[in-house]
Amino acid sequence: MTPPQSLSDAATAIRQAVASASGPNATISHDEALMRISTDQLERVLHDSFEGPSQNVLTTGLGASPGAAVGSIVLNADDAMMATSDVILVREETSPADVHGMNVAVGILTTKGGLASHAAVVARGWGKPAVCGAEGIEIHSDHILVNGERIEAGETISIDGKSGHVMRGVIQSNQAEDIPEIATLLSWADESREIAIRANADTGADARVARVNGDEGIGLCRTEHMFLTEERLPVIQSMILSESPDVEEKALKELREAQRHDFGDLLEEMDALPVTVRLLDPPLHEFLPELEELVEAAARNELDADGIAMLQAARKWRERNPMIGTRGVRLAWVKPGLYEMQVEALLDAVADRIAAGGNPIVEIMIPLTVSGNELAGARKWIESVLQQHPEVASVKIGTMVETPRAALVADELASHADFFSFGTNDLTQLTFGFSRDDIENRIMNLYLEKELLEANPFQHVDANAVIELVRMGIERGRSIKPDLPIGVCGEHGGDPDSIELLVAAGVDYVSCSPPRVPVARLAAAQIAIRARDNR
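Count the sequence shown with my numbering and you get residues 11 to 545, in order.
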């Protein structure tokens, strides 16, 4: 087996390929230069990496977000915020309540969760190293045990988000360097590829990274991620949990103003490029207060009247299978006015952008639909708001295809959709019956070792059942609307092997986390070059 190429070797290969294809004395074509550089080489030079073979390895989890991180252990988000030096946040798994700590940490390490878990998705979106599902770690109040070895909070560890290695102490790393030839190489890739590359971005800051990396729009704005801050989380909790129309209305107004500001930042960064806004899709377990903590507080008589009301509401709304429970458009049916509020906020931001001389291009996406009637009803909510804003130009209304049923009834959905976007994370989860939060660190390595599966389907899209559902959904949707635009916004959109299968299935664009955009651009170009060479 060939050892992975070092960062310096990969940088040299890129410089040489570009030099050989540049100027009047070029010895190879642009396409040949593109084919000389692997996507792994490109990814390697975009992230910090550790020098030489791994050392002092304590345990190994899933390499969930590439890069090298060295920092002191902190065991909760608040401690991360208080730290004055680089820290690595270590948690069993992360939730929206941890985001403030995740933001300041140089790396994230979890003992549970997989490549599509909260920690992995957030870390990749920020380009922050992360290792997930490191099961050999036990977390205690002031220390961790790694396969029985005690390491105190505050001690230094190193994590490799590519290999998944967790190492004790300071491991020397190579810093990613600025290589001007990358921009040239990717400009050639843009000339060769035949699909668009968008980014999954939820904030103006995310969008700025996406633009620097050469995206062509936002394929997925997860609006629930706009409520991950400490200040906003209680507001969305009160909206979901409240039994009082007055409290619910107050929360909706507060959320509308917050979203107007966030959408404005996003539209400004992506001016004249399409921005696909997914309406609220919070799995309730990520947004509800921790029931166990409330129960323990109640046992200690620490809850006031509001706390007791929150405990009762949390018990009422708790679900055994929240990822397939009251989320997406289902929550909107339970909480009338939710999606209308979001559309109002979005159109407010569009009007603000137009008044500032901008050119906002907006697409609204409805998540988790499973029937034509369900989608038609949600579309009516959106259209009723659009009719009140004649100053806003036409807005496309589409849906995510993320359940097997949605793919099978895609012709039914297409009658009410202006576009489709396949959510391959959930489509994989539901096709296999695999929990995206649990399965990878429990049995995936065993299944791969025993060759029960050819590859981790959350890393590389399943070439049989999942891709067949995508192909079927595209065919059935376009049987109703031949020119129906179709994209993919799962994390497979940044994986070169998956992109090749998705292109063959007929997608128009893929959307991935901002740091993965350059790799997707190169992969799409190489796929197009191979296809032309084989004709």
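Among the hints, erroneous ones may be present.
Said to hold, decoys possible - Straight-line alpha carbon distances no greater than 25 Å define the calculated DSS-like cross-link-like pairs of lysine-lysine that follow:
1) K406 to K390
2) K345 to K460
3) K345 to K260
4) K390 to K460
5) K390 to K345
6) K172 to K260
7) K390 to K491
8) K326 to K345
9) K172 to K390
10) K491 to K406
11) K263 to K172
12) K326 to K406
No lab work stands behind these hints, which were simulated from the structure alone.
All values reported here derive from a predicted model rather than from experimental measurement.
Structure-based check of each hint:
Between K406 and K390, the direct Cα distance comes to roughly 13 Å. Compliance with the 25 Å bound is thereby established for this hinted pair. Between K345 and K460 the alpha-carbon distance is near 46 Å, which puts this suggested pair outside the 25 Å criterion. Note on K345 and K260: the hinted pairing holds, with a Cα-Cα distance of about 14 Å set against a maximum of 25 Å. Among the hinted pairs, K390 with K460 is inconsistent with the structure: their alpha-carbon atoms are about 50 Å apart, more than 25 Å.
Taking the CA atoms of K390 and K345, the gap is about 15 Å. The hint holds against a cut of 25 Å. Of the pairs offered as hints, the one joining K172 and K260 is violated, with about 45 Å between alpha carbons and a cut-off of 25 Å exceeded. At most 25 Å may separate the alpha-carbon atoms for a hinted pair to count; K390 and K491 meet this at roughly 20 Å. Annotation: proposed proximity of K326 to K345 holds, straight-line Cα distance about 15 Å (limit 25 Å).
Taking the CA atoms of K172 and K390, the gap is about 45 Å. The hint is violated against a cut of 25 Å. As the CA atoms of K491 and K406 are separated by approximately 14 Å, the hinted pair is consistent with the 25 Å bound. For the hint linking K263 to K172, the alpha-carbon distance of about 43 Å lies beyond 25 Å, and the restraint is violated. With a CA separation close to 36 Å, the supplied pair K326 and K406 exceeds the 25 Å bound.
Figure legend: structure checked against the earlier numbered hints; hints not met, in rising order: 2, 4, 6, 9, 11 and 12.
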